[in-house]
Structures are given as C-alpha cells and as structure tokens.
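Residue numbers (our numbering): 1 to 100.
Rather than coming from a laboratory, the hints here were simulated on the basis of the structure. Hints are not guaranteed to be accurate.
DSSO-like, lysine-lysine: derived pairs with alpha carbons at most 27 Å apart [to be verified]:
#: 1; residue 1: K66; residue 2: K51
#: 2; residue 1: K51; residue 2: K33
#: 3; residue 1: K93; residue 2: K51
#: 4; residue 1: K75; residue 2: K51
#: 5; residue 1: K33; residue 2: K93
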Amino acid sequence: MNTDFKFLFESATPQEINIEIANRIRAIRRRRKISQERLSEQSGVSLGSVKRFERSGDISLLSLSKIAIALGIEKELQNLFVSVPFQSIEEIKNAEDNKS
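Using the sequences provided together with the hints, build the complete structure.
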C-alpha cells in the first residue's frame, strides 16, 4: 500500500475501493504478525476467501465483518455511513417524512 498519498474514494471505481480496503486489512494483519491461515481460523472465513480478498478485493460483507471482528477493528465498520451529509433540501424533507 502506498502511504505517500491519501486514497480518494470519491474518484475511484468500486474495484479500486475494494482493493484499497483489502490493502488496509492486509497491512493491519501483517503489522500484527497474523498469518492468513490464523486469520482464517479466528474469523471463520475460509483461507481461500482470505487470500482472494487480499489479492482482488472481492469478499462478501459478512466475511468482511468476520475478518474485522477477528482483527478487533469492528468499530471501523460501525462508523460506516454514520455521518453522511444531505445532498439536497429534498433529501432533508424525505428524512423528516421517514421519522413520522
């Protein structure tokens, strides 16, 4: 993973975003000196899925959650989509309508 720049999700393709997430997870796994095999065992995600994820970024949301829990980083998932700003007045109105 290149740490010389900040990866900009808003200018990336879905595949590029997935690969960047996989790179970040791999970096965490490596700095904690956890093998792919051990992560597979601790998370309940097959070794093939862990390897494929780190290579291609392809993984189910359920498996990603299991890996995050095994690495102790599930709070990072908890913060996804929490503070999404409104894009329009109409969206604000729709949010208010959905509260009632």
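Problem set entry | Hints violated by the structure (numbers, ascending) | 3 and 5
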